[in-house]
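Going down the list, the sequences are from chains A and B.
Under this note's numbering, the first residue of the first sequence carries the number 939, and numbering increases by one thereafter.
Under this note's numbering, the first residue of the second sequence carries the number 15, and numbering increases by one thereafter.
I should point out that these hints are in silico values taken from the structure, not numbers from a laboratory.
A hint or two may mislead.
Said to hold, decoys possible - List time: in silico DMTMM-like cross-link candidates among lysine to aspartate or glutamate, alpha-carbon distance up to 25 Å:
| no. | chain 1 | residue 1 | chain 2 | residue 2 |
| --- | --- | --- | --- | --- |
| 1 | A | Lys1121 | B | Glu68 |
| 2 | A | Lys1043 | B | Glu68 |
| 3 | A | Lys1223 | B | Glu109 |
Unchecked claim - Each pair of labels, with its calculated beta carbon distance range:
| no. | chain 1 | residue 1 | chain 2 | residue 2 | range |
| --- | --- | --- | --- | --- | --- |
| 4 | B | Asp365 | A | Arg1137 | 50 to 60 Å |
| 5 | B | Gly126 | A | Gln997 | 33 to 43 Å |
| 6 | B | Lys168 | A | Ala1039 | 56 to 66 Å |
| 7 | A | Pro1040 | B | His147 | 21 to 31 Å |
| 8 | B | His147 | A | His1124 | 39 to 49 Å |
| 9 | A | His1124 | B | Glu134 | 26 to 36 Å |
| 10 | A | Leu1216 | B | His147 | 24 to 34 Å |
| 11 | B | His147 | A | Arg989 | 26 to 36 Å |
Ideal Cβ positions, reconstructed from N, Cα and C, are used throughout, including at glycine.
These are the residues of each chain, in order.
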Amino acid sequence: MASLGRLGDDAKRAIKLVSVPFAYAVLLLALPLAAVLLFSFWTQDFLDIDRTFTLRNYQEALGEPIYRQLLVRSVLIAGSVTVVTVILAFPIAYFVSFHVAPSRKSLWLFLITIPFWTSYLIRVFLWKVILGYNGVLNTSLLGLGFIDEPLTFILYNANAVVITLAHAFAPFAILPIFVALEKIDHSLIEASRDLGESRVTTFLRVTLPLAMPGVVAAALIVFIPTIGDYVTPRLVGGPNGLMIANMIQTQFLRLNNAPLGAALAIVAMLCVTVIALLFIWLNRKWLRSQ
Amino acid sequence: MTDLIALEGLNKYYGDYHALRDIDLTIPQGQFFSLLGPSGCGKTTLLRTIAGFEAPSSGVLRIDGRDMKGVAANHRPTNMVFQSYAIFPHLSVAENVAFGLRKDPRSKEEKGRAVGEALEMVGLGGYGNRRAHALSGGQRQRVALARALILQPKVLLLDEPLSALDKKMREQMQVELIRLQRQVGITFILVTHDQEEALVMSDRIAVMFEGEIGQMDDPETLYRRPKSRRVAAFIGLMNFLDARVGGEVSERKTAAPERPTDDPMLTRFRRQIGLLPKAPKALPEYVSGIEVEVAGLGRAVLPKERVPEALRHTGCTVGIRPETLAVLFEGEQTTSRTVDGVVDEVVYYGDMTYYDVRIEGVEKPLTISMKNLIGRPVLEVGAKTRVAWDERSLVPLGH
Chain A
939 MASLGRLGDD AKRAIKLVSV PFAYAVLLLA LPLAAVLLFS FWTQDFLDID RTFTLRNYQE
999 ALGEPIYRQL LVRSVLIAGS VTVVTVILAF PIAYFVSFHV APSRKSLWLF LITIPFWTSY
1059 LIRVFLWKVI LGYNGVLNTS LLGLGFIDEP LTFILYNANA VVITLAHAFA PFAILPIFVA
1119 LEKIDHSLIE ASRDLGESRV TTFLRVTLPL AMPGVVAAAL IVFIPTIGDY VTPRLVGGPN
1179 GLMIANMIQT QFLRLNNAPL GAALAIVAML CVTVIALLFI WLNRKWLRSQ
Chain B
15 MTDLIALEGL NKYYGDYHAL RDIDLTIPQG QFFSLLGPSG CGKTTLLRTI AGFEAPSSGV
75 LRIDGRDMKG VAANHRPTNM VFQSYAIFPH LSVAENVAFG LRKDPRSKEE KGRAVGEALE
135 MVGLGGYGNR RAHALSGGQR QRVALARALI LQPKVLLLDE PLSALDKKMR EQMQVELIRL
195 QRQVGITFIL VTHDQEEALV MSDRIAVMFE GEIGQMDDPE TLYRRPKSRR VAAFIGLMNF
255 LDARVGGEVS ERKTAAPERP TDDPMLTRFR RQIGLLPKAP KALPEYVSGI EVEVAGLGRA
315 VLPKERVPEA LRHTGCTVGI RPETLAVLFE GEQTTSRTVD GVVDEVVYYG DMTYYDVRIE
375 GVEKPLTISM KNLIGRPVLE VGAKTRVAWD ERSLVPLGH
């Protein structure tokens, strides 16, 4: 405490303020992460853990085609979800920002969050009901005579995972894009019109570039959680819709191979980190230019 | 000069709110025209209607003889400098200026040269690569001007372009805008709530109140001969006195009182020896005009053309500009008519002093501005003084 005594009052107060969140971060973020990291260098020896340092798990995780295939599929599915979600979210955010009266905007945002009032699981099951072989969509289309036999490509595959996740993450994409659009000074849009640009070219030359930070943020917010999602692929993905997180779960709980599961988790995390850094770099680039 | 812009019976409603009321207006090519008025008077709405951002509810707007009904802002021969300047934050200064040149058939090099020239013209040569956020308010303003002028519009619309600048910068930009306008010869329409700015810059000013044009004249006429009380009150300082207007009279002019120092004998002697010119034959001078009885000051006869027909034989208001009255300092003489008063308030401005002088029969003290000439004292509150006035000071005002 002697050294603390020499610190100014401000410093003391700062330490006091910071210590609680710091302890929280260490306990809930750093420690579990460190545990996973540690596990990934150990090996499972039937019921015991062999604590000798080895890279064998990583060799297996990166070398086995099944793991690589799952990882690539996870990136592709998460990427598709991100693209679909952002493309569907943009018009909604645009509508609320530009065409809804200011006094109604918060009501609209509130309505957009309504799907969140039910549990995530229930929403996934509802999609099963909608997309199933005898589901709402198929019976409606059959009844209307658009199709002769039920569509099968909409459930128990990657498409179903993309549809379900895109719906689940829609508000997360709408909100950052909405905020970016809200920040756009409308006189900029008028200025573009005044300088001879049509509605469409104004959107492409002014509105979209200025909304880009929101789009990048939305993509990041959707991509990171979806790449590690395992409930949706488990429930609607079928055999071809499984993702890396399902394999991690299998390794930990079914195959009782926590070290390999940990190594897979670390590989997936590194993969997410690289892609996230790419997004952040993109966002920085947009932000710097403004 | 042909009329570049013609508005006929233009109306604009926002729901029940009548924002523009029967605006009739023509602006000739090359004029610096100002729309002046308090906030909420409709001047910006009118400007945005000309730009194509608002559609009039009724009436006709023609630019260069062409009806603008259904013509979108991007197809109008107008360009605008926005109040917030609206500089694109994701583009450099040069890219901002070149924004409207996308469809220009010229080559890239030629466009680049045009951008350089436009920046040069507004005094921003060499700033092309800067980002918008690295510019000061005045510089943004110049970028906005260059961006609009590079397209050589028929009309440049300026929406309170100077209101966000500090006083020094504003005065500098006023002069520069006038210079630019003379240089490019484009019709400018300026919206402002600053009467001084409008007086300094414009060839012609329309003063707007509650969606109507109160008066439209050149700056001098507007200042010296405002037609109504609200125009007079909005532009500059004005004293208002109640008055009764009578009918036409013709009477002998009241002789100016001889100066007490002028000894009649001495004057006659000087004339005889040729020191002074021979006195003109003293024919009785007659003045004819309208009789006006002004509260506190007394009776005056004003030339017929100065008193609008509608005001005759009624009670009305007479306006008097502070600089057309004078406070008489001790020992000063005047040939004007005078009235006794007591100094109520003194505001010293350096080059000028503003006195509020209370005179009998008028509730509100008269504001009088005096130049602080060498040797002229500044009176103190409570000092007794005389106020000199003249028939020419009086401006009869409608309502």
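Going through the hints against the structure:
For the hint pairing lysine 1121 of chain A with glutamate 68 of chain B, the CA-to-CA distance comes to about 23 Å; that is within 25 Å, so the pair holds. This hinted pair checks out: lysine 1043 of chain A and glutamate 68 of chain B have alpha carbons roughly 23 Å apart, not beyond 25 Å. For the proposed pair lysine 1223 of chain A and glutamate 109 of chain B, the alpha carbon gap of about 17 Å is at most 25 Å, so the pair holds. One distance hint, 50 to 60 Å for the beta-carbon pair aspartate 365 of chain B and arginine 1137 of chain A, holds here, with the actual separation near 54 Å.
Checked against the hint of 33 to 43 Å, the C-beta distance between glycine 126 of chain B and glutamine 997 of chain A comes to roughly 57 Å, which is inconsistent with it. Between lysine 168 of chain B and alanine 1039 of chain A the Cβ separation comes to about 35 Å, which falls outside the hinted range of 56 to 66 Å. Checked against the hint of 21 to 31 Å, the pair proline 1040 of chain A and histidine 147 of chain B passes, with Cβ atoms roughly 26 Å apart. A hinted range of 39 to 49 Å for the beta carbons of histidine 147 of chain B and histidine 1124 of chain A is inconsistent with their spacing of about 19 Å.
A beta carbon spacing of about 31 Å between histidine 1124 of chain A and glutamate 134 of chain B agrees with the range 26 to 36 Å that was offered as a hint. Remark: the range hint 24 to 34 Å for leucine 1216 of chain A to histidine 147 of chain B is upheld by a beta-carbon distance near 26 Å. Between histidine 147 of chain B and arginine 989 of chain A the beta carbons are some 56 Å apart, a value that contradicts the proposed interval 26 to 36 Å.
Consistency note: the structure conflicts with the earlier hints numbered 5, 6, 8, 11.
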